[in-house]
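Asker: Required output: the full structure, derived from the provided sequences and hints.
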Amino acid sequence: MKMWKIFGLTLALTTVAAAAFASVPQSALRIGGIPFDAESSVIRSIYGMPTKVDVHMEKERATEDTEYEYGNSVSIDLKYNRVHQIEVSANNGWETAYGVHVGMTSDQVKMIYGEPDAVRDDHYIYYVTGRSDLGIDIEIENDRVDEITVGKLDK
1 MKMWKIFGLT
11 LALTTVAAAA
21 FASVPQSALR
31 IGGIPFDAES
41 SVIRSIYGMP
51 TKVDVHMEKE
61 RATEDTEYEY
71 GNSVSIDLKY
81 NRVHQIEVSA
91 NNGWETAYGV
101 HVGMTSDQVK
111 MIYGEPDAVR
121 DDHYIYYVTG
131 RSDLGIDIEI
141 ENDRVDEITV
151 GKLDK
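In terms of my numbering, the sequence shown is residues 1 to 155.
Quick list of in silico lysine-lysine cross-link-like pairs, DSSO-like style, CA-CA up to 27 Å:
#1 Lys79 to Lys152
#2 Lys152 to Lys52
#3 Lys79 to Lys52
#4 Lys152 to Lys110
#5 Lys152 to Lys59
#6 Lys79 to Lys59
None of these hints come from the bench; they were simulated from the model.
Source: prediction; values computed, not measured.
Answerer: Given below as structure tokens:
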């Protein structure tokens, strides 16, 4: 009987701990209206031509990576002509699907997304459900959102 109580308590604590972390659905991987994996034409149809375009060739994988920059605060990385990662570093009107933007407090972020799935230095990481390579990385400086990265996460 004692073993069943321990098992039950362990199960209950594990369930509560799992519920305290807030994975996000893949549909939440969007910022500024641009979803992860969108084609480059979607970006240009919404925001026009980027202010800067960098193209990098990777010989080992025979791929072409492209970076679109909009002003000094939005960087969109494309692989195979699809959104791989979006980075926003200013309060410029771009926000996540749930309304998080640069300048919000860390408490506001937690009210919206819950406790992060992981915290690395000053980064709150919210993984896509069942994935550790996709998610939202929110950098916090002085208790405020300093930068938001959406899409493929750097390990």
